[in-house]
Amino acid sequence: MAILKLTLRFNKRGILVKGSVPIMSKVTLTIDGQKVQVDADKTILEAAQEIGIKIPTLCYHPDLSLHGSCRVCVVENLANNRLLASCVTPVMEGMEISTLSARARRARRRNVELLLANHPNDCLGCDRNGSCELQEITHEMSIRREDVERFAGETRDLPVDETGPSLKRDPNKCILCGRCVRVCEEIQGVSALQFSSRGFDSIVTTAFDLPQSEVNCANCGQCAAVCPVGAITEVSEIDRVWRVIEDPEKYVVVQTAPSIQATIGEEFGFEPGTVVTGKLVAALKKLGFDKVFSTEFSADLTIMEEGNEFIKRIKGHKNLPHITSCCPGWIKFAEHNYPDLLNHLSTAKSPQQMFSAITKTYYAEKAGIDPANIYTVAVMPCTAKKFEKEREEHRDSGYQDTDAVLTTRELARMIKEVGLDFANLEDEHYDEIMGSLTGAATIFGTTGGVTEAALRTVKEVLTGEPLERLELGYMGIKEAEVEIGDRKYNIAVVSGLANAAKLLDEVRAGSSKYDWIEVMACPHGCVGGGGQPLPATKEKKDKRAMGLASIDKSNTIRKSHENLDIIRLYEEFLGEPLSGESHHLLHTTYRKRDKN
Amino acid sequence: MIVYPEGVFYCHVEADDVAEIVEEHLLKGRIVERLLFKEPLTEETIPSYQDIDFYKKQHRIVLSNCGRINPESIQEYIAAGGYEAAGKALTEMTPEEVIAEVKNAGLRGRGGAGFPTGLKWELTRKTESDKKYLVCNADEGDPGAFMDRSLLEGDPHRIIEGMIIAAYAIGADEGYIYIRAEYPLAIERLELAIEQAQNLGLLGKDILGSGFDFDLHIKKGAGAFVCGEETALMASIEGKRGMPRPKPPFPSVSGLWGKPTNINNVETFANVPYIINYGAEAFNSIGTEKSKGTKVFALTGKINNTGLVEVPMGITLREIIYDIGGGMNQGKKFKAVQTGGPSGGCIPAELLDLKIDYESLQEVGAMMGSGGMVVMDDSTCMVDVARFFLSFTQSESCGKCTPCREGTKRMLEILNRICSGEGREGDLELLEELANHIKETSLCQLGGSAPNPVLSTLLYFRDEYEAHIKDKRCPANVCEGMGAVYVIDENKCVGCGMCARVCPIEAISGKPKEPYRINEDLCISCGACAAKCPVGAISQG
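The listed protein sequences correspond, in order, to chains A and B.
The numbering used here numbers the first residue of the first sequence as 4 and each following residue consecutively.
The numbering used here numbers the first residue of the second sequence as 228 and each following residue consecutively.
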């Protein structure tokens with residue numbers, strides 16, 4: 004009854020995928036003596052991967068357009084003795100590719116050496132020490148210091164940009180692979196970063212070389228997520244969190260976003276998508292946090308507020324389509340690019356901000372702690388959350404609601420620093436009164452989850468009937484028609500800001516057919532967030548999302564309005580959804596914005 | 228200035244001379260002797276331009292109208308036979324016949340790479356698409372080159388006519404001329420020419436009643452050298468940063484805005500009307516086996532006659548330099564000729580009898596390029612020349628791919644230290660290694676050819692490099708600050724004064740029988756004094 008239609012519109016390269024796949028002609032070639040037959044539109048690199056031959060890459064990223072700039076994937080075609088960049092060269096009949104020839108091996112190595120000759124090579128002090136792709140390739144190729152010193156000369160010496168609220172850029176570490184440029188343009192439609200200057204002076208920078216604080220960046224951190232080296236990293240808040248943990252005066256409360264439980268395991272050797280909730284809680288307690296809560300609690304709260312807000316809008320035929328507001332990267336993008344449509348955004352704060360506001364009011368009162376001494380830390384998959392917490396609107400508790408935001412990667416670093424054996428930690432449970440959660444909240448961590456969670460509540464509130472599963476999938480733009488009572492609602496779920504812009508342009512033009520649009524800035528939603536473990540590819544994100552879905556399925560309470568802690572919060576403190584107190588603590592405003 | 232019909236050639240004509248020319252020559256038919264051209268070697272005056280060696284050995288096809296017709300008048304172009312070829316192609320020939328004619332003519336791309344033009348057209352023709360584009364590459368970027376500029380300024384309609392024929396052949400209805408903004412006069416004349424052609428129905432809808440539509444736009448480039456590379460050029464037309472992308476896909480399959488696109492150079496298009504008018508045989512009877520027709524060169528450097536020359540393929544370098552160019556300036560000794568612009572190579576004296584075509588130049592480590600030709604005498608330091616060209620390509624690299632961005636910088640650093648006397652053992656091997664690596668692994672032909680000047684000078688003038696490194700000496704006395712200056716040991720000096728006599732810059736002074744002194748500020752470290760000193764009193768300090 005619920006789903007009448009489900010359409011997948013286009014794939015990552017903008018090609019319509021639905022329908023029959025055209026018959027592709029085949030090409031036969033040999034790679035390292037092995038015969039392989041592949042589709043004619045494949046590259047040499049893809050053909051090699053099909054038969055398990057590994058070719059090193061740096062500028063190549065499976066989710067982005069082909070660039071062919073680093074020349075680290077060079078192979079030799081023995082049929083004509085030419086060296087070819089395997090990531091961009093299409094297969095051709097009769098090619099005799101050698102990845103092992105002396106020429107190919109030397110050429111690949113030489114290009115890595117040239118990159119290193121213009122790189123700080125101060126791995127010990129780098130955030131990406133241990134997760135750096137250049138470091139790994141250097142290691143795999145056994146490149147020694149003297150190999151690089153042969154080419155010693157001028158090196159890039161530019162100031163590090165630490166002015167941004169979320170992201171730090173160190174142009175001296177940049178190897179100009181252009182992944183950040185491509186993700187920002189192709190996936191996010193922001194184009195905050197571009198190539199500038201020429202020759203050896205070439206850099207990746209912002210328009211007019213403005214500091215990060217002055218640009219229209221959404222702070223989504225996808226650039227940091229695809230950067231192979233330490234040129235773009237999150238602004239780290241680890242030190243400040245350690246300081247408050249060590250401060251006996253401070254009562255440090257930590258919340259963990261829904262997606263973290265399915266992603267942080269990767270930092271400790273677990274397969275992507277492995278759910279490690281109990282170990283995550285245990286680790287946080289061992290690190291010294293006073294209380295460990297889950298953001299899923301406030302995700303349920305978000306559903307209560309936003310769901311009721313949607314119902315109100317439907318009844319009043321006002322500000323439709325209703326557009327979700329839980330993703331700070333998306334909010335920032337809208338403020339820069341669609342200031343005329345801000346009235347369509349839900350006024351409900353994001354779960355992180357609701358959580359902190361409630362912590363410093365309701366929880367402080369319940370626990371009898373002076374809110375001035377409470378320090379709220381959020382563990383997030385996201386770099387935009389770092390910016391969000393600094394918004395001046397978010398001081399409704401009388402204090403800055405959220406004090407610090409750690410990405411998944413930063414938390415993992417803290418756990419590693421103290422030497423916890425994460426994999427073997429005894430599972431523990433979230434703390435009481437703001438720790439219970441529902442399956443609805445869990446799936447906030449993936450694209451489509453907010454919508455499904457909200458509609459479960461909306462439909463039951465309006466009709467008393469449960470919603471059937473939507474399971475919208477994870478990529479691009481998806482749409483569905485949902486029947487609630489006697490009316491059909493057109494729903495769209497979109498991730499990736501470039502995709503969002505397409506739907507928003509329709510809204511602006513007055514041609515949008517939707518009643519509800521969910522937007523997540525990052526492809527796949529929070530499981531693909533800019534603060535998640537590296538490296539991340541589409542395949543990994545799929546597994547993470549499946550991990551979250553499995554929690555939802557196994558949860559006995561799957562609807563936000565059945566969360567007992569939430570019911571109590573309304574009874575004891577807020578009154579009802581959209582009440583005066585709710586509005587004060589849980590809703591916010593937006594404004595047109597020109598810079599970060 | 229040339230007076231027709233007799234073709235009397237006056238040079239160095241000033242405004243004040245005009246009255247005399249009009250009165251004497253035009254009215255009374257008397258040649259103004261004092262303004263006639265004098266052969267530099269024989270001092271003989273030559274009245275008619277056809278008899279001057281500079282013109283005698285040239286074969287002008289593309290330049291045939293330049294300087295003869297008013298480039299701002301379409302009527303003059305038409306009077307000189309213009310647009311006849313377009314009319315013939317559009318009304319009497321099928322696109323396939325046009326392509327066959329150009330293929331038979333053997334025309335190859337004049338932008339430098341020499342890809343067969345007819346084949347390129349055929350590939351674009353055969354790609355099925357609702358839309359195709361034709362692009363003229365007028366992004367002439369080589370330092371000192373002005374072939375395309377002269378053509379566009381002197382005969383813009385010839386390019387437009389060539390483009391109309393090409394567009395018809397490949398099936399394009401829209402074209403772009405990508406021209407650098409530093410060519411304002413060329414742009415002005417092109418704009419005017421396009422407007423005139425549109426007004427006469429030679430551009431636009433249903434050209435000459437053939438049913439064929441074609442119109443042209445001008446796109447001004449900001450002057451980046453790399454935008455002469457076709458994929459970077461297309462990116463620039465699309466409004467993006469001029470950066471090359473990997474090929475395939477080739478423009479004939481996916482070019483401007485993803486549509487099949489054919490790109491040719493200005494001079495290539497300028498050859499097309501001739502081929503259609505006179506037929507493939509007329510064209511392919513000129514030139515060598517694989518390179519047909521003529522080529523325009525911008526002849527510059529240490530020779531007597533400089534300027535644009537259009538010569539048949541297969542002419543020797545010696546003929547260009549000594550017959551057309553009038554030999555070396557001030558009777559100096561020829562050392563090398565650089566062809567192909569900053570990505571070309573330096574050819575030494577022993578190869579002066581090389582017959583010029585695409586293949587022969589490539590075989591000796593140079594290239595045709597767009598037609599730059601710089602003649603150097605023995606006052607030129609070949610290491611310094613290589614450094615000059617590499618510093619150009621290095622700073623004009625788009626910075627996209629590793630070998631070109633990082634590698635050319637390292638090569639330049641090595642050349643800089645060699646030229647400042649800090650060259651090290653192993654530098655030449657390192658240069659060669661980097662040069663070959665950059666050539667083999669760069670993304671586009673800017674990087675693929677940037678090391679050519681270094682490789683060719685290393686091949687033919689390796690001793691000069693070695694003198695810089697081992698003896699800390701620049702044989703041509705060009706490189707300043709080579710190593711340490713020379714000093715005279717006062718205790719050994721016998722005051723013979725031989726050092727002062729051989730010093731090329733008079734940096735040594737003194738009185739006979741007393742110790743001589745070298746002025747450190749003037750010394751160029753050439754070592755001539757040390758070599759001459761009979762008692763070994765001079766050494767590098």
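For the record, the hints were derived by calculation from the structure and aren't laboratory data.
Check before you lean on any hint, since a few could be wrong.
[To be verified] Simulated pairs of lysine-lysine, BS3-like, Cα-Cα distance not exceeding 30 Å:
no.: 1; chain 1: B; residue 1: 666; chain 2: A; residue 2: 45
no.: 2; chain 1: A; residue 1: 45; chain 2: A; residue 2: 491
no.: 3; chain 1: B; residue 1: 467; chain 2: A; residue 2: 57
no.: 4; chain 1: A; residue 1: 45; chain 2: B; residue 2: 474
no.: 5; chain 1: A; residue 1: 38; chain 2: B; residue 2: 432
no.: 6; chain 1: B; residue 1: 255; chain 2: A; residue 2: 29
no.: 7; chain 1: A; residue 1: 45; chain 2: B; residue 2: 283
no.: 8; chain 1: A; residue 1: 29; chain 2: B; residue 2: 474
no.: 9; chain 1: B; residue 1: 486; chain 2: B; residue 2: 283
no.: 10; chain 1: A; residue 1: 29; chain 2: B; residue 2: 560
no.: 11; chain 1: A; residue 1: 369; chain 2: A; residue 2: 45
no.: 12; chain 1: A; residue 1: 541; chain 2: B; residue 2: 467
no.: 13; chain 1: B; residue 1: 467; chain 2: A; residue 2: 45
no.: 14; chain 1: B; residue 1: 283; chain 2: B; residue 2: 358
[Stated by the list, open to error] Chain A side only, calculated, beta carbon under 8 Å to chain B, not exhaustive:
no.: 15; residue: 73
no.: 16; residue: 74
no.: 17; residue: 77
no.: 18; residue: 117
no.: 19; residue: 120
no.: 20; residue: 123
no.: 21; residue: 126
no.: 22; residue: 128
no.: 23; residue: 130
no.: 24; residue: 158
no.: 25; residue: 159
no.: 26; residue: 162
no.: 27; residue: 166
no.: 28; residue: 168
no.: 29; residue: 205
Positions of the beta carbon are idealized from the N, C-alpha and C atoms, including for glycine.
How the hints compare with the structure:
1. B/666 <-> A/45: Holds. Residue 666 of chain B to residue 45 of chain A sits at ~26 Å (cutoff 30 Å).
2. A/45 <-> A/491: violated, 43 Å
3. B/467 <-> A/57: violated, 33 Å
4. A/45 <-> B/474: Cα-Cα ~14 Å, so holds.
5. A/38 <-> B/432: Since the Cα atoms of residue 38 of chain A and residue 432 of chain B sit roughly 53 Å apart, the hinted pair is violated (cutoff 30 Å).
6. B/255 <-> A/29: The hint is violated at about 80 Å.
7. A/45 <-> B/283: violated, 56 Å
8. A/29 <-> B/474: Distance of about 20 Å is within 30 Å: holds.
9. B/486 <-> B/283: Violated, because 45 Å separates the two Cα atoms, which is more than 30 Å.
10. A/29 <-> B/560: violated, 61 Å
11. A/369 <-> A/45: violated, 61 Å
12. A/541 <-> B/467: Holds: residue 541 of chain A and residue 467 of chain B sit about 28 Å apart, inside 30 Å.
13. B/467 <-> A/45: Holds, at about 26 Å.
14. B/283 <-> B/358: violated, 46 Å
15. 73: holds, 5 Å
16. 74: This hint holds: residue 74 of chain A lies near chain B, its Cβ roughly 5 Å from the closest one there, short of 8 Å.
17. 77: Given a least distance of 5 Å, the restraint on residue 77 of chain A holds.
18. 117: holds, 4 Å
19. 120: Constraint on residue 120 of chain A satisfied, holds at 7 Å.
20. 123: The hint is violated - residue 123 of chain A has no Cβ within 8 Å of chain B, the shortest such distance being about 15 Å.
21. 126: Where the cut-off is 8 Å and the nearest Cβ of chain B is about 19 Å from residue 126 of chain A, the hint is violated.
22. 128: Violated: closest Cβ of chain B sits about 23 Å from residue 128 of chain A, beyond 8 Å.
23. 130: violated, 23 Å
24. 158: Hint violated; residue 158 of chain A Cβ to chain B Cβ min 10 Å, cut 8 Å.
25. 159: Violated, about 10 Å.
26. 162: violated, 19 Å
27. 166: violated, 24 Å
28. 168: violated, 28 Å
29. 205: holds, 3 Å
Comparing the model with each numbered hint stated earlier shows that hints 2, 3, 5, 6, 7, 9, 10, 11, 14, 20, 21, 22, 23, 24, 25, 26, 27 and 28 do not hold.
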